[in-house]
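Colleague: Please put together the full structure from these sequences, using the hints given.
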Amino acid sequence: MIRAALVLLLLVHPAGAEVMSSVVAPPQEGSVIREDGLAAWDRVHAVVSHPRCANCHVGADNVPMWSGPEYPQTGPHGMNIDAGDSRIGAETLPCTTCHVTSSAPANGPNDAPAAMIDWQLAPVEMIWFGQSSAQICAQMSDPARNGGRDWIQLAEHLRDDAAHGGFVAWGFAPGGGRQPAPGDLQSHIDDVLKWGAAGQPCPG
Amino acid sequence: MELTVNRQRHQIDAEAGMPLLWVLRDILGLTGTKYGCGIAQCGACTVHIDGVAVRSCQIALADVGGEVTTIEGLGTPDAPHPVQQAWIDHQVAQCGYCQSGQIMSAAAMLALQGEPDDAQIDRIMSANLCRCATYPRIRAAIHDAARRLATG
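Residue numbers (the working numbering), protein chains in the order written: chain F, 20 to 223; chain H, 2 to 153.
Treat the hints with care, as some may be off.
[Unchecked claim] Partner residues aside, some chain H positions facing chain F, computed with beta carbon under 7 Å:
| hint | residue |
| --- | --- |
| 1 | Ile40 |
| 2 | Ala41 |
| 3 | Asp51 |
| 4 | Gly52 |
| 5 | Val55 |
| 6 | Arg56 |
| 7 | Ile60 |
| 8 | Leu62 |
| 9 | Thr77 |
| 10 | Arg124 |
| 11 | Ile125 |
| 12 | Ser127 |
| 13 | Ala128 |
Since the hints were made in silico from the structure, they are not lab data.
We put the beta carbon where it would ideally sit given N, CA and C, even for glycine.
Modeller: As structure tokens, then:
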């Protein structure tokens, strides 16, 4: 029985597919005190400011970054890469030329990272790279700059992206020996909800 | 697994995770596409999938979702693609190893860009390395090919 279930699972998700399951269970709004909300935010910030996430949450120059322990120094993505205003490289070199869309993680040494959705930069208003904790907090709690989401929808976005093998899943399991974002998906979602239930308090 | 390469359909009997580059070279015998670095850092293995430049060392057979064009299918010796003809006229190649990837990247770029300026060429072609440093001739040939494509 277990064996049959495993075979079925492997058929649904090919070996190595980075699909992550999680649940969104929001606490009652206002049930989390501000202090605990700020502590949850600090953990959220540790994730979103991690290079696995922030390197592609860049500003209007549309240039992804190479930073983190895998790189001797922080700098723009090699090869003169410019993702253009399209944020997918449509005007220049598509991100997917090297970062292929794949059901399997790029686990080979130095393989270009791959996800199950087309590689791209985050929307420009969602800049995280080089931003302070307070700046990122303000952006994430502003529906005009976070994709029109309230705090529960932010958590649902994380759940849904990961369920499709998107960049949230990739950030926690990037493969190829890369350092993952701290913690795990479920803890991250729970922290976003805790922060939201406290009224999305921001530091400073 | 079915794969269309250079407008021909093939039934490929290979592991789903085999890189497309291996399929092209070792199974289909299309050796014009070169293995350079194997990690998407040099561009030598560039092919087109539905017209978009893709590093064939990075994409697994199971993930190929469109029609593949290699250097052998871009043009023919009798009817070369304008980029190939410009490459010949400018005698771009030195050792030649990277050149099929350079040509495939240039052709994909010109399909999107029309007539790029030097800065655009440098930006877009920076991910294709040439150890012989034929870059000035590559740039000249791209300008020439762009003019040919514009005039039909």
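Colleague: None of the hints should be skipped; say for each whether it holds.
Modeller: So, going through the hints one by one against the coordinates:
1. Ile40: The hint holds - Ile40/H has a Cβ within 7 Å of chain F, the shortest such distance being about 4 Å.
2. Ala41: OK, holds: Ala41/H within 7 Å of chain F, min 4 Å.
3. Asp51: 11 Å, violated
4. Gly52: 11 Å, violated
5. Val55: 6 Å, holds
6. Arg56: 5 Å, holds
7. Ile60: For Ile60/H, the interface hint holds, since the closest Cβ of chain F sits about 4 Å away, which is under 7 Å.
8. Leu62: With a minimum Cβ separation of about 11 Å from chain F (threshold 7 Å), the hint on Leu62/H is violated.
9. Thr77: 25 Å, violated
10. Arg124: Result: holds, 5 Å to nearest chain F Cβ.
11. Ile125: 5 Å, holds
12. Ser127: 3 Å, holds
13. Ala128: 4 Å, holds
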